[in-house]
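Can you make the complete structure from the sequences, with help from the hints?
Protein chains in written order, with the numbering used here: chain C, 1 to 395; chain U, 1 to 292; chain S, 1 to 338.
These are computed hints drawn from the structure, not numbers from a lab.
Keep in mind that this is a model prediction, so the values were computed, not measured.
Among the clues, some could well be false.
[Claimed, not checked] Using C-beta positions, here's what the derived DEER-type ranges look like: (1) S:210 with U:270: 38 to 48 Å; (2) C:386 with U:161: 33 to 43 Å; (3) C:149 with U:143: 20 to 30 Å; (4) S:293 with C:334: 43 to 53 Å; (5) U:143 with S:161: 54 to 64 Å; (6) U:163 with S:149: 51 to 61 Å; (7) S:293 with C:350: 32 to 42 Å; (8) U:59 with C:149: 53 to 63 Å; (9) U:56 with S:225: 53 to 63 Å; (10) S:197 with U:270: 30 to 40 Å; (11) U:84 with S:214: 25 to 35 Å.
[Claimed, not checked] Here are some of the chain U residues that sit facing chain S, going by a computed Cβ distance under 7 Å: (12) 34; (13) 91; (14) 95; (15) 179; (16) 274; (17) 278.
Every residue gets a Cβ at the ideal spot worked out from N, C-alpha and C, and that includes glycine.
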Amino acid sequence: MRTLTMTGLARMTGLASVAALSLMAAPAALAETGVTADTIVIGGMGGLTGPSAGLIIPQLNGVQAVFEEVNAAGGVHGRKIVYAKQDDECLPSRGVGAVKKLIHEEKPFMIVGGGCSNAAIAQKPEVIEAKIPWVIVASTADSLTEPVNPYVFTTMSAAWMEVYGQLQLALDQGKTRIAVVWQPDAWGKARLEPMKQAFKAKGIEPVSIQEIAVEPTDTTPTVLQIQATKPDAVLLLLFPKAAVPFLRDAYKVGLQPLMVGGSPLGEIDVLAKGVGSPDSVKNLRAVTAAGYGVDDPQVAKWKGIVEKRFGDRFNVLHMYGISAGQFAVEALKQAGPEPTREKILQIMSNLTVKTDTYAGPLECKPTDHQCHKALGIFAFQDGRVTGIGVTRPTR
Amino acid sequence: MLLAYALSSGITSGALYALVAVGLVLCYRTTGHINFSHGELFMIGGFLAFTLHVMWGLPYIVALLGAVAGSFVLGVLTDRVVYQPLIKAPPIAMVMATVGLSFVLKGIGRHFWGGQGEVVPFPPLVSPAPVLIGGVAVFPQQLVVVASVVVCMLLLTLFFTRTRAGKMMQATAENAHAAYLVGIRVERVYMLTWGVGAALAGVAAVFVAPLTLLTPDIGLSLLLKAFAATILGGLGSMTGAVIGGLLVGILEALAGTYIASSIQDVSAFIIILAVLVFRPTGLLGARARREV
Amino acid sequence: MVTLSNEPSAPRAIKRRNLGWLVGRRPALAVGVLLFAVLPLMANPYQVYVGNLALIYVILAVGLNILLGLAGQLSFANGALFGVGAYATGLLRLDAGLPFWLALPVGTAITVAIGLAVALPALRLRGLYLALATVAFAQFALWTFVHWDSVTHGTAGFVMAPVDFTALGLRTTTGIYYLSLVLAVLLVAAAYGIMRSRVGRALVALRESEVAAESIAVDITRTKIVAYTLTAVYAGVAGGLFAGLLNVVVPESFNLFQIVLQFCMVVVGGLGSIAGSAIAAVLLIVLQEGLRGMQDLQEIGLGLLLLGMLLFAPGGLVQALRRWLPGWTEPHSRGGDE
Chain C
1 MRTLTMTGLA RMTGLASVAA LSLMAAPAAL AETGVTADTI VIGGMGGLTG
51 PSAGLIIPQL NGVQAVFEEV NAAGGVHGRK IVYAKQDDEC LPSRGVGAVK
101 KLIHEEKPFM IVGGGCSNAA IAQKPEVIEA KIPWVIVAST ADSLTEPVNP
151 YVFTTMSAAW MEVYGQLQLA LDQGKTRIAV VWQPDAWGKA RLEPMKQAFK
201 AKGIEPVSIQ EIAVEPTDTT PTVLQIQATK PDAVLLLLFP KAAVPFLRDA
251 YKVGLQPLMV GGSPLGEIDV LAKGVGSPDS VKNLRAVTAA GYGVDDPQVA
301 KWKGIVEKRF GDRFNVLHMY GISAGQFAVE ALKQAGPEPT REKILQIMSN
351 LTVKTDTYAG PLECKPTDHQ CHKALGIFAF QDGRVTGIGV TRPTR
Chain U
1 MLLAYALSSG ITSGALYALV AVGLVLCYRT TGHINFSHGE LFMIGGFLAF
51 TLHVMWGLPY IVALLGAVAG SFVLGVLTDR VVYQPLIKAP PIAMVMATVG
101 LSFVLKGIGR HFWGGQGEVV PFPPLVSPAP VLIGGVAVFP QQLVVVASVV
151 VCMLLLTLFF TRTRAGKMMQ ATAENAHAAY LVGIRVERVY MLTWGVGAAL
201 AGVAAVFVAP LTLLTPDIGL SLLLKAFAAT ILGGLGSMTG AVIGGLLVGI
251 LEALAGTYIA SSIQDVSAFI IILAVLVFRP TGLLGARARR EV
Chain S
1 MVTLSNEPSA PRAIKRRNLG WLVGRRPALA VGVLLFAVLP LMANPYQVYV
51 GNLALIYVIL AVGLNILLGL AGQLSFANGA LFGVGAYATG LLRLDAGLPF
101 WLALPVGTAI TVAIGLAVAL PALRLRGLYL ALATVAFAQF ALWTFVHWDS
151 VTHGTAGFVM APVDFTALGL RTTTGIYYLS LVLAVLLVAA AYGIMRSRVG
201 RALVALRESE VAAESIAVDI TRTKIVAYTL TAVYAGVAGG LFAGLLNVVV
251 PESFNLFQIV LQFCMVVVGG LGSIAGSAIA AVLLIVLQEG LRGMQDLQEI
301 GLGLLLLGML LFAPGGLVQA LRRWLPGWTE PHSRGGDE
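What follows is the structure, encoded as structure tokens:
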């Protein structure tokens, strides 16, 4: 135990002296933070461990795949990208520490990361205070990018965009009795609020708003409550963990109206397997950030790269990361051989890039940092997830 | 109709809670301690079956036996590593030690299986298509869960009344000191008890896995439901645990159906708090204390 | 649990004890405080943040030790009460518009009120039943944080403006840091005061045997209430500081992992040892930061640490300190050889 104390103290003082040294060294560096003659450090944070890791790791792997491809082709203006990742466990309480560690110890030029809304909301003030350009990979909460902040951009569809898209899809099919199911976590809450606004904007009332647990075992009671309101469409603000039991129980009691999910439900084939029957998802549509199905030839190149490099099963999560990475790389290219944070911010606020995994180009404006505009609509047809359209939701 | 559906769903969940609660109570009766890592035993049992059946493609029965054997071994380990060394320590130490163990198991589950059960589901033992029973659609797997609980309870009863080991466990639960005096190797009995209790969690996991998605974090919520069941049934009564489990499942489903869906998840905690505050011996505690 | 130590043979012990004042508890704690006081001058903002988090956990662990280590009440409610403290302080600032210096004490008072609301029914419960009831309470509290939308802002929690310390000429992070340091020092000192008082002796009597305690005229109910109240005060203060440190309050910060972390601190430090809890809190926070990015290892490590300490070193860190540093004395600690 004594040695434990000693290492603890030694560690603290060690950290302190390292910090003191680096403080002294700091003014000597002339170039922009994170940029050397042959490297450029880009930071990334996300839940690399914990319950959400399965969703976040593929996203950051997507980013990394892009950076590695660029490096293999000689880098950006001769500089290799170093992608420094920190784990925030998708928890705000751990996320503040993660982003501080990232900013003050990895010292990145810019950040391409952020997967969970709650963690990102807690991290945002730290990033802004440090004046670091930040491209959000997948955190969707509207409050991250509204109102516009000069340092924060997102290449993911904002929460409001998807829910407006979901509702519009139902309305376009002539549905009038529309119910909403949501999961009580930060993600679900960040969708439920804009969903309510979307209903208000369209001048209709949802017939029912129900919640099911984030990891439920049996959702029959909720399904029955919804069924009792005789809906002709159900909008799902759910992740697969909640959606699979819900779809299963809905299938059981014969609740089979049009169902519309968001980005997390893009892999309808996986859901069908989870429920155990393709019939259960025949009326399910997903409005998602990704523009292509996993097996679409458009993304075959990336599928190959990701599966070879990481051994992951290529999925839509990688696509979010790939688009974010390509967006950042394009901005770096345009910034020229002497990139500064100022320049990058300038460029990104007027940047339009067609990435490989989204249906339309990412378009940023000085007044609008929610750069992703064109969402794909998917259905499960002939045993595979098929794109059936593109939507550009507006408020 | 609504009621029938709520009941059918409540009974399925309730049967699961009952099976998990019986394992808890079995250990409590004999050892006087509650295993806070019981939910994680369920989780590991489920993932063992997942590995054998889904990943390696072995038959369901092999997965069942593997999960039962694996969780039995974990139970025995719990006895060796936690229970026996701390047998004379204050109860606080035992509770915290099993809490510690639950974190170790959860970390192991996350390390080896994290993220997998969410993507690759556990296929049902029987057809996934629902069948109609008296106009109410149920999944055949629900029937399997209920049936497995009935079979498990019958086997347990036979075990306690017909086998030597079972009788020794009964005797030790009644009075460990007296059992020791008549020559029962009490330590062995403790070990067997932890093993059997854990194996019950493994059985539950294999039957329920097709109805839920396995995650490393599944243990805690299940443990809390089982707590509610044991407390409702009176700690120490196995019949009570079964009835308590079914009651928790049904109450939960009814609350979710008739009050608000958001209540469903919290009903178990409300039950625990209410019972402990108003009737700490449980609804059936005093009466059914010594039954099997 | 009381073990008689026959470790150092008599002459050596005496020899060491002469040097005791050099390595005793007070000088060691003073050095610790000094190190913490100069940390912001030398470290980067991330390290200051980690130091601040450690100070908050010192308060939390020392507070829990009063209930768990001194009074022997196994309550799982402390993680939730920590959350209540954070929520109360945060909401008073955000929605009631109170300044931080007022929100913190009022938030603490609210935490104490809720802590007592838990304590009163819990007074009848002992051992396992108490543990189960408080686990249920902790989960219920978490559910309330999520579902009492109109007050708690629901699942997404809320973000506050940084606490303003310009009146003292300090930046927010520095201000919160030194406030945490001052409060930690005061509360640790107070814990020692309590321990030496009549109340402290009553708490220990309660832990050792309720029947025996009653027979020497210890008012069991009153003593338990005092223990729950004191622990709630510490949890409330820590929670308020936590809200001030992060500027964001969300439900998932206060789940069961939280209480297990706190248990670990108390057990690693040594049940009943104030200094032990404080040292263990710092160690574990540094360890947790060191293991960032390895959550499965964090869980396994934390679990093994708790298990290992209970099995092999039930006296905790402080037992080792006492053995190796003869000047180190510790009143009323479990496994003590007073």
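Hint check:
no., hint, result
1, S:210 with U:270: 38 to 48 Å, "29 Å, violated"
2, C:386 with U:161: 33 to 43 Å, "60 Å, violated"
3, C:149 with U:143: 20 to 30 Å, "56 Å, violated"
4, S:293 with C:334: 43 to 53 Å, "32 Å, violated"
5, U:143 with S:161: 54 to 64 Å, "57 Å, holds"
6, U:163 with S:149: 51 to 61 Å, "54 Å, holds"
7, S:293 with C:350: 32 to 42 Å, "36 Å, holds"
8, U:59 with C:149: 53 to 63 Å, "57 Å, holds"
9, U:56 with S:225: 53 to 63 Å, "57 Å, holds"
10, S:197 with U:270: 30 to 40 Å, "38 Å, holds"
11, U:84 with S:214: 25 to 35 Å, "33 Å, holds"
12, 34, "6 Å, holds"
13, 91, "5 Å, holds"
14, 95, "5 Å, holds"
15, 179, "22 Å, violated"
16, 274, "9 Å, violated"
17, 278, "9 Å, violated"
Checked against the numbered hints above, the structure violates hints 1, 2, 3, 4, 15, 16 and 17; every other hint is satisfied.
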